[in-house]
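Top line first, the protein sequences correspond to chains A and R. At position 187 of the first sequence (counting the first as 1) the number is 280 in the numbering used here, and the numbers step up by one without a gap. At position 280 of the second sequence (counting the first as 1) the number is 373 in the numbering used here, and the numbers step up by one without a gap.
Simulated from the structure, these hints should not be mistaken for laboratory data. Mixed in with the good hints, there may be bad ones.
As the list makes no split between identical chains, a pair holds if one copy fits it or if it spans any two.
Here are the simulated lysine-lysine pairs, DSSO-like style, with alpha carbons at most 27 Å apart [as the list claims (entries may be wrong)]:
id: 1; residue 1: K220; residue 2: K276
id: 2; residue 1: K336; residue 2: K350
id: 3; residue 1: K100; residue 2: K180
id: 4; residue 1: K371; residue 2: K235
id: 5; residue 1: K371; residue 2: K336
id: 6; residue 1: K178; residue 2: K288
id: 7; residue 1: K235; residue 2: K336
id: 8; residue 1: K424; residue 2: K177
id: 9; residue 1: K372; residue 2: K350
Values in this document were obtained by computation on a predicted structure and should not be read as measured data.
2 protein chains.
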Amino acid sequence: MKKENYKIALDVMGGDFAPINEIQGAIEANENIQSNIDLEITFVGKEQKILSALRQFETHKLNYNILNANEVITMSDDPTTAFKKKKDSSLYKGVEMHANGYVDAFVSAGNTGAMLSISTLLLGRLKGVSRPTIASFFPTEKDQPTLVLDVGANIDCKPKFLFEFAVMGSIYASNILGLENPKVGLLNIGEEDSKGTEVILDTHKMLKNSNLNFIGNIEGRDILQGTADVVVCDGFTGNIILKFAESFVGFLRSNIKAFAKKSVFNSLAVMPVVPIMKKIFNQFDYQAQGGVPLLGVNGNVIIGHGKSTPLAIRNMIFRGMDLIKTDINNKIELALNPDYVTENNKVK
Amino acid sequence: MKKENYKIALDVMGGDFAPINEIQGAIEANENIQSNIDLEITFVGKEQKILSALRQFETHKLNYNILNANEVITMSDDPTTAFKKKKDSSLYKGVEMHANGYVDAFVSAGNTGAMLSISTLLLGRLKGVSRPTIASFFPTEKDQPTLVLDVGANIDCKPKFLFEFAVMGSIYASNILGLENPKVGLLNIGEEDSKGTEVILDTHKMLKNSNLNFIGNIEGRDILQGTADVVVCDGFTGNIILKFAESFVGFLRSNIKAFAKKSVFNSLAVMPVVPIMKKIFNQFDYQAQGGVPLLGVNGNVIIGHGKSTPLAIRNMIFRGMDLIKTDINNKIELALNPDYVTENNKVK
Numbered sequence: 094m095k096k097e098n099y100k101i102a103l104d105v106m107g108g109d110f111a112p113i114n115e116i117q118g119a120i121e122a123n124e125n126i127q128s129n130i131d132l133e134i135t136f137v138g139k140e141q142k143i144l145s146a147l148r149q150f151e152t153h154k155l156n157y158n159i160l161n162a163n164e165v166i167t168m169s170d171d172p173t174t175a176f177k178k179k180k181d182s183s184l185y186k187g188v189e190m191h192a193n194g195y196v197d198a199f200v201s202a203g204n205t206g207a208m209l210s211i212s213t214l215l216l217g218r219l220k221g222v223s224r225p226t227i228a229s230f231f232p233t234e235k236d237q238p239t240l241v242l243d244v245g246a247n248i249d250c251k252p253k254f255l256f257e258f259a260v261m262g263s264i265y266a267s268n269i270l271g272l273e274n275p276k277v278g279l280l281n282i283g284e285e286d287s288k289g290t291e292v293i294l295d296t297h298k299m300l301k302n303s304n305l306n307f308i309g310n311i312e313g314r315d316i317l318q319g320t321a322d323v324v325v326c327d328g329f330t331g332n333i334i335l336k337f338a339e340s341f342v343g344f345l346r347s348n349i350k351a352f353a354k355k356s357v358f359n360s361l362a363v364m365p366v367v368p369i370m371k372k373i374f375n376q377f378d379y380q381a382q383g384g385v386p387l388l389g390v391n392g393n394v395i396i397g398h399g400k401s402t403p404l405a406i407r408n409m410i411f412r413g414m415d416l417i418k419t420d421i422n423n424k425i426e427l428a429l430n431p432d433y434v435t436e437n438n439k440v441k
Numbered sequence: 094m095k096k097e098n099y100k101i102a103l104d105v106m107g108g109d110f111a112p113i114n115e116i117q118g119a120i121e122a123n124e125n126i127q128s129n130i131d132l133e134i135t136f137v138g139k140e141q142k143i144l145s146a147l148r149q150f151e152t153h154k155l156n157y158n159i160l161n162a163n164e165v166i167t168m169s170d171d172p173t174t175a176f177k178k179k180k181d182s183s184l185y186k187g188v189e190m191h192a193n194g195y196v197d198a199f200v201s202a203g204n205t206g207a208m209l210s211i212s213t214l215l216l217g218r219l220k221g222v223s224r225p226t227i228a229s230f231f232p233t234e235k236d237q238p239t240l241v242l243d244v245g246a247n248i249d250c251k252p253k254f255l256f257e258f259a260v261m262g263s264i265y266a267s268n269i270l271g272l273e274n275p276k277v278g279l280l281n282i283g284e285e286d287s288k289g290t291e292v293i294l295d296t297h298k299m300l301k302n303s304n305l306n307f308i309g310n311i312e313g314r315d316i317l318q319g320t321a322d323v324v325v326c327d328g329f330t331g332n333i334i335l336k337f338a339e340s341f342v343g344f345l346r347s348n349i350k351a352f353a354k355k356s357v358f359n360s361l362a363v364m365p366v367v368p369i370m371k372k373i374f375n376q377f378d379y380q381a382q383g384g385v386p387l388l389g390v391n392g393n394v395i396i397g398h399g400k401s402t403p404l405a406i407r408n409m410i411f412r413g414m415d416l417i418k419t420d421i422n423n424k425i426e427l428a429l430n431p432d433y434v435t436e437n438n439k440v441k
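Isolated chain A (complex conformation) (with noise of 0.2 Å):
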């Protein structure tokens, strides 16, 4: 088998729980992935308390460096002042590192807009890509999840944004999700044609002139149903839809807890409930699906909630790995700028 060679870069500090949670999930990734796969963790973050916090752990069998960065980007941290004003953060310095060409991927559970903000400064743009772009997964009905973006980045879009998203989200769900064609649906208020504002009867158009395989406007149901496997929408409603469907469990939980509580007949019958919901609910959880790609940027960025678990920060990891080893951002440039290729299928 190849050889395969993964260099990451770990914000230990980005997280609730960091810097912990970070370093074990290192250590699971470590221990779950192929034997011809060289994973090389490099710990962001402040090295006294990577030092000591790896004392807690085996680690004789992890490849790992330590960059020492002073400073921490907590969630309240507006972006723009933390690019300004924390370069010796870990966050920024994890992209720094990555930028300049040190470490093929950066993975963060940290502040979401500063590593939006930060990832697009330092690494620039792909070329095509106006605005790089926040991806999530959803569950469905159906086998495989759809990915919606753009799920809070970018909140007023232009047309040739969305037109953007659908582009990268395609590529990104082919490579990811192993499909040959992912279908692209435009959200929207209704199915016709005519329907919608006027940034989306105008992407629209464009989609449907493109070379994707754009179903047409589809509806908030559609995306549980799983009627596309890219679903294109602005930060906006993307990002309100996200939150709203990651309560649903908590909503869930309480009025099957207030269902109990009614009568001792309805708190024994709850009981065989519960275990299979958290089965079924385990698809909306964030761990599992660890992190969420940044798309668009000149670089492999994978962003995690800021609660992750070990378990998140290993799937974090692998997401990472994913878009090194799919070569994701040469392939967007590519279809973005279809004129621009050169003969070695890279772009000029």
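Dock chain R against chain A, hints included.
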């Protein structure tokens, strides 16, 4: 007890199972009202069909009239064309009858877009209302539902429109749920005052300066968590969330089925789950809610789901009676025109 009298026009051609479900719903409504209430229903639709359907029911207790209408506005009819060309339709004639003061409310399970435009054009808007809006209740983790508006009537909204939705929603929630000072939240992608589009930022300022019980920005997860009693958003976002939420039951059902199929053990384990889930998800059922009000028109209009069952129709009629009884429209005009109130508490 004081005698109460309600005259309601019911479009019997609107739903997918017309006119049987409509007539049965009216009979069930009549059977479930208090003894001090006089309910008078006017069935609007093809007279021969109504007469033939009425023969299938015991109707001697029902106080009803028939208004013949030869045409039907279908679900695929364009609202503007329907308004211009189908003046002999049940929907048009029912609204017209209400506009002319023969009935106190109009109820239909027909084409929502046509209901919206025909009602707005024939009934007119309330003083101070820029755009009539459709409001829908969502279940929450708490004991009471939350009212979301707009859910599809207005896809492009100015801050003024959203502000008026907040006023109308607050009055509706207060009267229907019996809340003294409903908490109003502005749906956004973050809680901070600085988040959101220009429209959202301006709306935020208007709401903050109003005498509404404005609790600030809320996120997608806050809807089901019941953080606010009234959730304000544009009709694009609201419609997508409404349809997304409606698809949740089907998603859960198909996942439970898939889980059951995996093994005999699973299929046995799942058996007690289904009835409990049904009870919990009854809350998401449009039948229990009946219909949604069209707020802001100078009349009482309830819009139902095309698939409305007799139970849904019954509850739509009750919703129409609520609108009449609580005198919502006068309260909305009073709130939106504080300088124009006359001594008898009516708007000039």
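We went through each hint and held it up to the structure:
In this assembly of identical chains, the alpha carbons of K220 and K276 lie at most 27 Å apart only when taken from the same copy (24 Å versus 47 Å across copies). With identical chains, the CA atoms of K336 and K350 are at most 27 Å apart both within one copy (22 Å) and between copies (26 Å). Taking the shortest alpha-carbon separations for K100 and K180, only the intra-copy value of 22 Å comes in at or below 27 Å, while the best inter-copy value is 70 Å. In this homomeric assembly, K371 and K235 come within 27 Å of each other (Cα to Cα) both inside a single copy, at 18 Å, and across copies, at 21 Å.
Taking CA atoms no more than 27 Å apart as the test, K371 paired with K336 passes in both settings, with 19 Å inside one copy and 24 Å between copies. Taking identical chains as interchangeable, the C-alpha atoms of K178 and K288 lie at most 27 Å apart only when they sit on different chains, with a minimum of 21 Å there against 45 Å within one chain. Proximity of K235 and K336 under a CA criterion of 27 Å is satisfied in both settings, with 21 Å inside one chain copy and 18 Å between copies. Within a single copy, K424 and K177 get their C-alpha atoms no closer than 32 Å, and across copies no closer than 51 Å, so neither meets the 27 Å cut-off.
Proximity of K372 to K350 under the C-alpha cut-off of 27 Å is found in both arrangements, the shortest distances being 17 Å within a copy and 13 Å between copies.
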